[in-house]
Amino acid sequence: MKLHEYQAREIVAKYGIPVTGGGVASTPAEARKLAEEIGGKVAVKAQVHVGGRGKAGGIKLADTPEAAEQAAQQILGMDIKGLTVEKVMIAEAVTYEKEIYLGVILDRGTKRIMLIASSEGGVEIEEVAKTNPDAIIKIAADPLLGLQPFQAQQLAFAIGLTDGKQARQFASIAMALYKAFIENDAELAEINPLVVLADGSLKALDSKIVLDDSGLFRHKDLAAQRDDSADPAAEIKAREHGLTFIKLDGTIGCMVNGAGLAMATMDVVKLFGGEPANFLDIGGGANAEKVAAALDIILDDPNVKAVMVNIFGGITRCDEVARGIVEAQKIIKRQVPMVVRLVGTNEAEGQRILADASLIPANTLAEAAQKAVEIAQG
Amino acid sequence: MSILADKNTRVLVQGITGREGEFHSRQMLEYGTNLVAGVTPGRGGQKAVDNRVPVFNTVREAVEATGANASVIYVPAPFAPDAIREAAEAGIPLIICITEGVPALDMVATYEYVKAKGARLIGPNCPGLLTPGQAKMGIIPGSIASPGPVGVVSKSGTLTYEAVDALTRIDLGQSTIVGIGGDPIIGTNFIDVLRLFQDDPETKAIVLIGEIGGSAEQEAAQFIKEYVTKPVVAFIAGQSAPPGKRMGHAGAIIGAGGEGTAQEKIEALEAVGVKVAKLPTDIAELVRERLSA
Numbered sequence: 000m001k002l003h004e005y006q007a008r009e010i011v012a013k014y015g016i017p018v019t020g021g022g023v024a025s026t027p028a029e030a031r032k033l034a035e036e037i038g039g040k041v042a043v044k045a046q047v048h049v050g051g052r053g054k055a056g057g058i059k060l061a062d063t064p065e066a067a068e069q070a071a072q073q074i075l076g077m078d079i080k081g082l083t084v085e086k087v088m089i090a091e092a093v094t095y096e097k098e099i100y101l102g103v104i105l106d107r108g109t110k111r112i113m114l115i116a117s118s119e120g121g122v123e124i125e126e127v128a129k130t131n132p133d134a135i136i137k138i139a140a141d142p143l144l145g146l147q148p149f150q151a152q153q154l155a156f157a158i159g160l161t162d163g164k165q166a167r168q169f170a171s172i173a174m175a176l177y178k179a180f181i182e183n184d185a186e187l188a189e190i191n192p193l194v195v196l197a198d199g200s201l202k203a204l205d206s207k208i209v210l211d212d213s214g215l216f217r218h219k220d221l222a223a224q225r226d227d228s229a230d231p232a233a234e235i236k237a238r239e240h241g242l243t244f245i246k247l248d249g250t251i252g253c254m255v256n257g258a259g260l261a262m263a264t265m266d267v268v269k270l271f272g273g274e275p276a277n278f279l280d281i282g283g284g285a286n287a288e289k290v291a292a293a294l295d296i297i298l299d300d301p302n303v304k305a306v307m308v309n310i311f312g313g314i315t316r317c318d319e320v321a322r323g324i325v326e327a328q329k330i331i332k333r334q335v336p337m338v339v340r341l342v343g344t345n346e347a348e349g350q351r352i353l354a355d356a357s358l359i360p361a362n363t364l365a366e367a368a369q370k371a372v373e374i375a376q377g
Numbered sequence: 000m001s002i003l004a005d006k007n008t009r010v011l012v013q014g015i016t017g018r019e020g021e022f023h024s025r026q027m028l029e030y031g032t033n034l035v036a037g038v039t040p041g042r043g044g045q046k047a048v049d050n051r052v053p054v055f056n057t058v059r060e061a062v063e064a065t066g067a068n069a070s071v072i073y074v075p076a077p078f079a080p081d082a083i084r085e086a087a088e089a090g091i092p093l094i095i096c097i098t099e100g101v102p103a104l105d106m107v108a109t110y111e112y113v114k115a116k117g118a119r120l121i122g123p124n125c126p127g128l129l130t131p132g133q134a135k136m137g138i139i140p141g142s143i144a145s146p147g148p149v150g151v152v153s154k155s156g157t158l159t160y161e162a163v164d165a166l167t168r169i170d171l172g173q174s175t176i177v178g179i180g181g182d183p184i185i186g187t188n189f190i191d192v193l194r195l196f197q198d199d200p201e202t203k204a205i206v207l208i209g210e211i212g213g214s215a216e217q218e219a220a221q222f223i224k225e226y227v228t229k230p231v232v233a234f235i236a237g238q239s240a241p242p243g244k245r246m247g248h249a250g251a252i253i254g255a256g257g258e259g260t261a262q263e264k265i266e267a268l269e270a271v272g273v274k275v276a277k278l279p280t281d282i283a284e285l286v287r288e289r290l291s292a
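Those sequence lines, one after another, are chains A and B. The first sequence begins at 0 in numbering that gives the first Met the number 0 and counts up by one. The second sequence begins at 0 in numbering that gives the first Met the number 0 and counts up by one.
Think of the hints as simulated: they come from the structure by calculation, not from any bench. Don't be surprised by glycine CBs; every beta carbon is placed ideally from N, CA and C. One or more of the hints may lead you astray.
Just a sample of chain A residues kept apart from chain B, beta carbon distances all over 10 Å, derived [as the list claims (entries may be wrong)]:
{"#": "1", "residue": "A166"}
{"#": "2", "residue": "S171"}
{"#": "3", "residue": "K269"}
PhoX-like, lysine-lysine: derived pairs with alpha carbons at most 25 Å apart [unchecked claim]:
{"#": "4", "chain 1": "A", "residue 1": "K219", "chain 2": "A", "residue 2": "K80"}
{"#": "5", "chain 1": "B", "residue 1": "K244", "chain 2": "A", "residue 2": "K304"}
{"#": "6", "chain 1": "B", "residue 1": "K277", "chain 2": "A", "residue 2": "K370"}
{"#": "7", "chain 1": "A", "residue 1": "K40", "chain 2": "A", "residue 2": "K54"}
{"#": "8", "chain 1": "B", "residue 1": "K274", "chain 2": "A", "residue 2": "K219"}
{"#": "9", "chain 1": "A", "residue 1": "K269", "chain 2": "B", "residue 2": "K114"}
{"#": "10", "chain 1": "A", "residue 1": "K207", "chain 2": "B", "residue 2": "K244"}
{"#": "11", "chain 1": "A", "residue 1": "K1", "chain 2": "A", "residue 2": "K236"}
{"#": "12", "chain 1": "A", "residue 1": "K202", "chain 2": "A", "residue 2": "K219"}
{"#": "13", "chain 1": "A", "residue 1": "K137", "chain 2": "B", "residue 2": "K114"}
{"#": "14", "chain 1": "B", "residue 1": "K277", "chain 2": "A", "residue 2": "K129"}
{"#": "15", "chain 1": "A", "residue 1": "K289", "chain 2": "A", "residue 2": "K219"}
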């Protein structure tokens with residue numbers, strides 16, 4: 000789950016990382032008030048979950064509270080890549096001498112939490128990785144002891160912060176960011192840029208935090224802050240039912256158990272000349288109710304001309320899926336041809352339940368895909 | 000022969016009285032798995048799964064009473080990391096965690112702890128392993144598998160069943176089927192299992208099923224080049240996946256810099272002589288071709 004810049008800023012500030020003055024506003028009047036409190040020049044920044052907001056005109060500088068109000072007036076309600084801006088962050092605009100990058104990630108290869116720093120801040124770290132990989136320094140936190148202060152200091156010296164006081168401040172910021180990462184179950188926490196002010200001290204100008212969805216059960220307060228306006232309605236509805244759904248542009252609705260098989264099903268649909276309308280994993284052990292909800296979500300998409308159900312039961316029981324299909328057929332308003340392939344755990348019972356339903360049966364994945372593609376194209 | 004588990008493996012189930020735990024323990028028993036004990040704190044002294052399996056309060060007690068030497072974990076995600084550590088502390092050498100949705104950060108220290116105890120962890124978020132005709136430790140349906148010479152290792156659950164089913168249909172049995180899981184941090188990776196299959200004299204060919212995200216398949220390709228002499232056939236899921244979207248598995252995501260695509264994995268595998276199937280059901284035919292070549 001992605002957090003907005005203003006939400007990430009609140010978290011890093013809570014962990015004692017120095018941030019620039021600012022706050023979040025939903026109206027131009029609030030923006031003005033915040034700008035008055037901050038005093039001086041401010042940046043007015045759209046809070047939307049898409050990249051490239053600066054280029055789209057979603058970030059403006061304002062010299063006075065009046066100008067901030069005006070900028071907020073322009074940005075609030077603005078459409079950025081299909082998303083309406085509902086909040087703006089008002090941030091103190093500071094002058095600085097240097098930009099640094101500091102990030103914490105979970106590295107899959109080493110199975111370690113990795114601190115990443117670069118003397119080249121202010122640009123995307125992926126970009127630096129391509130153009131100047133030597134400018135990126137990585138240090139792995141000990142998996143049992145956590146990040147040690149000496150490691151954070153090593154990082155400071157490695158990116159060229161040679162002044163002792165400055166290195167110590169950097170190290171304390173790195174320790175704090177690591178702590179914020181751990182305690183909030185993040186999968187990414189970054190400050191970019193972390194700037195060096197004229198007096199040599201450091202300040203976080205922009206922060207970004209992405210949380211691990213699997214850890215959200217421990218963070219009800221953060222989970223409640225989810226802004227899913229960037230997600231298609233179908234994806235939100237699916238999430239409420241505990242389903243993983245990703246909307247695509249094709250005509251064949253796919254309902255599959257297991258992420259790997261769901262991806263492979265899409266690949267096979269494509270291989271046979273069709274286009275999948277979605278990725279949908281009903282998860283392990285889905286019950287009838289979940290299956291019915293899944294079909295309902297698929298059929299909400301008017302582009303869907305055929306549905307392909309591909310179930311290979313392991314933890315999922317075919318009888319439960321069959322019951323869900325029968326349930327769904329009772330309530331759905333739109334009749335779309337449904338190709339069903341159902342094998343694995345409790346297969347015979349599942350087939351029995353579906354014997355009377357109006358479906359197109361298939362035995363193999365290829366057969367199911369072929370039939371679904373023919374229907375969708377016919 | 001097989002890798003990791005056979006009919007003599009003494010299996011323990013953690014979370015045996017839960018809905019999933021009990022259902023799959025019954026299937027494990029029906030398959031003939033040597034299921035010797037279950038653990039559910041507070042239910043010690045009872046018998047689970049139609050009165051057939053003794054339940055203990057702790058893994059340590061279960062190990063002392065039954066000599067269990069492998070554990071399958073079905074406990075809910077918030078408690079799964081603790082269950083893994085409990086099994087490792089009790090000296091269980093093979094721990095299989097089926098549970099999905101375990102917080103990734105919990106696995107960092109847990110992995111390290113398991114390693115320090117000298118145990119092997121498979122998963123989490125995996126279907127477990129199956130040695131056909133001998134032991135079912137997890138949720139892989141026994142009915143689709145048959146004993147034979149093909150070793151199968153996969154990040155996915157149901158996609159593995161697809162491949163195994165196709166192998167069985169053309170009389171190519173399996174030595175062991177290992178589902179390593181699709182989470183970012185997993186206990187056993189492709190390379191670990193490839194090494195075991197290469198060293199197992201009964202395994203004659205290997206099937207590797209990967210998916211988008213991370214670079215485990217590329218690392219596997221490098222390892223195959225250096226160490227594996229047996230024929231390897233692969234399938235990579237997610238060729239039609241859009242970038243930046245998490246495709247169900249926590250680890251299945253093409254990164255912001257475009258890294259972790261199916262294409263780069265397929266290229267890495269083909270470059271070291273691995274045959275990559277277009278359809279998951281084509282895997283079986285390709286294995287037959289490679290074995291008769």
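The hints, checked one at a time:
For A166(A), the condition that its CB be more than 10 Å from all CB atoms of chain B holds, with the nearest at approximately 27 Å. Every Cβ of chain B is farther than 10 Å from the Cβ of S171(A); the closest lies at roughly 22 Å, confirming the non-interface assignment. Distance check for K269(A) against chain B: the nearest CB is about 5 Å away, which does not clear 10 Å, and the non-interface claim fails. Restraint check for K219(A) and K80(A): not satisfied, since their Cα atoms lie roughly 29 Å apart, outside the 25 Å limit.
A hinted pair counts as satisfied when its Cα atoms are at most 25 Å apart, and K244(B) with K304(A) qualifies at roughly 24 Å. About 18 Å separates the Cα atoms of K277(B) and K370(A), which keeps this hinted pair within 25 Å; it holds. Distance restraint check for K40(A) and K54(A): the Cα-Cα separation of roughly 20 Å lies within the 25 Å cut-off, and the hinted pair is therefore satisfied. Between K274(B) and K219(A) the alpha-carbon distance is near 47 Å, which puts this suggested pair outside the 25 Å criterion.
With a CA separation close to 42 Å, the supplied pair K269(A) and K114(B) exceeds the 25 Å bound. Note on K207(A) and K244(B): the hinted pairing holds, with a Cα-Cα distance of about 18 Å set against a maximum of 25 Å. In summary, the hint linking K1(A) to K236(A) is supported, as the alpha carbons are separated by about 18 Å, within the 25 Å threshold. A hinted pair counts as satisfied when its Cα atoms are at most 25 Å apart, and K202(A) with K219(A) does not qualify at roughly 29 Å.
Note on K137(A) and K114(B): the hinted pairing holds, with a Cα-Cα distance of about 23 Å set against a maximum of 25 Å. Distance check on the hinted pair: K277(B) and K129(A) sit about 32 Å apart at the alpha-carbon level, beyond 25 Å; violated. Pair hint K289(A) plus K219(A) holds up; C-alpha atoms about 23 Å apart against a cutoff of 25 Å.
Of the numbered hints stated above, those contradicted by the structure are hints 3, 4, 8, 9, 12, 14, listed in ascending order.
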